[in-house]
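Asks: The chain contents come next:
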Amino acid sequence: MMMPIMRNKRGVIFLMAIAMTAILLFAGLSGANMILRDAYLIKRLVYSMQALYVAEAGMSDALSRLCDSYSLDIFPLTGTVDSASYTVTSSSVAGRVLLTSTGTVPAGTVTVSRAVKVEIEDNSPTAMNFIMSAGNNVRIKGGFLTASFMNGNVHANNNVYLKTGIALGYVNVTGTATHSDGDTHNTYIDTYFGWIDVDGYPRYGTGTHVTEPAWNGTNVTFPVFDYPYFAALTQGTADTCYYPAGHTFDGVTLSPSCGLIYVNGPAVFRNNCTINGGIIADSIKVETYVTWIFIIPIIHVGKLNQNVAGDKNQIVSRLGNIDIQGELHAHGALVYASGDFRSIDAAAIVDVTGVIAAGSNINFEDYLAAITYNYQRPSVKFGPNSLMVKIDSWNR
Amino acid sequence: MARATDKKSFGVSGITLVETVISAALLVVVVVGVVALCAQTMNIAHRMEDEYRTASIAKSRIEDGRSYIELNGFDALTNESYGETDTRLDSNGVPDINGGFYRSTTVTTNFNENQRLTKIEVSASYSILGKKSPHTISISSILVKMT
Numbered sequence: 001m002m003m004p005i006m007r008n009k010r011g012v013i014f015l016m017a018i019a020m021t022a023i024l025l026f027a028g029l030s031g032a033n034m035i036l037r038d039a040y041l042i043k044r045l046v047y048s049m050q051a052l053y054v055a056e057a058g059m060s061d062a063l064s065r066l067c068d069s070y071s072l073d074i075f076p077l078t079g080t081v082d083s084a085s086y087t088v089t090s091s092s093v094a095g096r097v098l099l100t101s102t103g104t105v106p107a108g109t110v111t112v113s114r115a116v117k118v119e120i121e122d123n124s125p126t127a128m129n130f131i132m133s134a135g136n137n138v139r140i141k142g143g144f145l146t147a148s149f150m151n152g153n154v155h156a157n158n159n160v161y162l163k164t165g166i167a168l169g170y171v172n173v174t175g176t177a178t179h180s181d182g183d184t185h186n187t188y189i190d191t192y193f194g195w196i197d198v199d200g201y202p203r204y205g206t207g208t209h210v211t212e213p214a215w216n217g218t219n220v221t222f223p224v225f226d227y228p229y230f231a232a233l234t235q236g237t238a239d240t241c242y243y244p245a246g247h248t249f250d251g252v253t254l255s256p257s258c259g260l261i262y263v264n265g266p267a268v269f270r271n272n273c274t275i276n277g278g279i280i281a282d283s284i285k286v287e288t289y290v291t292w293i294f295i296i297p298i299i300h301v302g303k304l305n306q307n308v309a310g311d312k313n314q315i316v317s318r319l320g321n322i323d324i325q326g327e328l329h330a331h332g333a334l335v336y337a338s339g340d341f342r343s344i345d346a347a348a349i350v351d352v353t354g355v356i357a358a359g360s361n362i363n364f365e366d367y368l369a370a371i372t373y374n375y376q377r378p379s380v381k382f383g384p385n386s387l388m389v390k391i392d393s394w395n396r
Numbered sequence: 001m002a003r004a005t006d007k008k009s010f011g012v013s014g015i016t017l018v019e020t021v022i023s024a025a026l027l028v029v030v031v032v033g034v035v036a037l038c039a040q041t042m043n044i045a046h047r048m049e050d051e052y053r054t055a056s057i058a059k060s061r062i063e064d065g066r067s068y069i070e071l072n073g074f075d076a077l078t079n080e081s082y083g084e085t086d087t088r089l090d091s092n093g094v095p096d097i098n099g100g101f102y103r104s105t106t107v108t109t110n111f112n113e114n115q116r117l118t119k120i121e122v123s124a125s126y127s128i129l130g131k132k133s134p135h136t137i138s139i140s141s142i143l144v145k146m147t
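Those protein sequence lines, which keep their order, are chains A and B. Just so we're aligned, residue 1 is where the first sequence starts under our numbering, counting upward by one. Just so we're aligned, residue 1 is where the second sequence starts under our numbering, counting upward by one.
To be clear, the hints were calculated from the coordinates, so they are not data collected in a lab. Incorrect hints may appear among the rest.
[As the list claims (entries may be wrong)] Dumping the calculated BS3-like pairs for lysine-lysine here, alpha-carbon to alpha-carbon at most 25 Å:
(1) B/Lys-132 - A/Lys-303
(2) A/Lys-117 - B/Lys-119
(3) A/Lys-390 - B/Lys-119
(4) B/Lys-131 - A/Lys-390
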């Protein structure tokens, strides 16, 4: 009647014990395994939480930089928060800019990463998008045997005048040359005897005078600087960054500790001067002057060299003009004149990598004046609370 | 015949007894092992639960910091106004002098000499047998001033 294995009593209890042992072990190990898996998942969740906040830290770092100076050249941006690290990258699709910050935390022998994404917009004044822009007119003339290169877009809220002189002038604008309001304003192209090339479209010969009313665009907006902030900032430094009245800089090299020189009056530069950083003054003149030895004139050509240093690479005339009689060489700056930016000498030379903007006019029509402008978004600061970036969405 | 039967019965019983003793010993060993394993895993599970709660408490503190900024302005978030050391909390993150969780918050303004950035670091831990665990969970982030 009993099962065959039970008929023989030998080993039955042992077998039953083995079976129970196996069941117990299986159940115990399965339960333990499940709980250990849960534990692993919870550990992973905690690391993931930490990584998310590190990613947000990276995004904050990126946004703080873009607030002051909207330039996507800073990406990829990397940094650390304690033992974790972040990398922020940017991508542009159809004019929309997406920032992705990935936070990574060490988790034993592996790492755990999380990402956040933010869509942003450039909120800076639109003048920053042009190599040269003016609130009134832009007048550029390739004079006698001179060549003027503008690598970028040009815009005037009124008219753009591009000319060559009567002897082999050359003007080349690699981008567009637009004006605002096509009904009342124009882009004028006049080649007396020379060559003008705009956006790959050449005009040359003698006596070519054309207007391009269709080359119109929207009014550019100009930077608004918080001058009291910069005055206070420069006054608070140990070295001389603040000048309470107009000042003539004669053959000096300026490396202001706060990144900026502030002149509460006109600033004049004579001989070979260098600024590592930026300057704000009521007006700025790069002056060439003449001294005499008996009847022999000695010409002292004024030169202002600007080098990139810090985050205030701006040459700004607060109230008046920026006049170039000698040479201006800026290697990564915003050159902004509240009034005019102009050459006031036949042999003026202007070589700017950055952005040039004038609240009124840009005039380079002198006989021998030569210009080379290369567009590059400079690192500048308009004030402590300037916001050059606008957040459209933040995906956490 | 009867003697033979008795001998057989005696032999079977003896083997069964040995078997029983060995089986019982085996079962005892396994049961004790499994119980110990279960106790250990339950302990781990309990600690993991505490760990997750601790991380959530730290996370909530950072989110509360954002709310604090919304209410009082970015510059109001300082170590003086928001920093803390070993605040005791209950499992819901509510301050409780008998709570089983500890939280410290450090706020660093002008982080990396950038006026727009404030670093907030929250370290939290839980208690084991009434004592603060040396194991802490830290969550750090940097907040940006966008005004």
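Asks: All hints are to be evaluated individually against the structure, with a verdict given for each.
Replies: Tested hints:
no.: 1; hint: B/Lys-132 - A/Lys-303; result: violated (68 Å)
no.: 2; hint: A/Lys-117 - B/Lys-119; result: holds (20 Å)
no.: 3; hint: A/Lys-390 - B/Lys-119; result: holds (22 Å)
no.: 4; hint: B/Lys-131 - A/Lys-390; result: violated (48 Å)
Violated hints, listed in ascending order, are 1, 4; each of the other numbered hints is respected by the structure.
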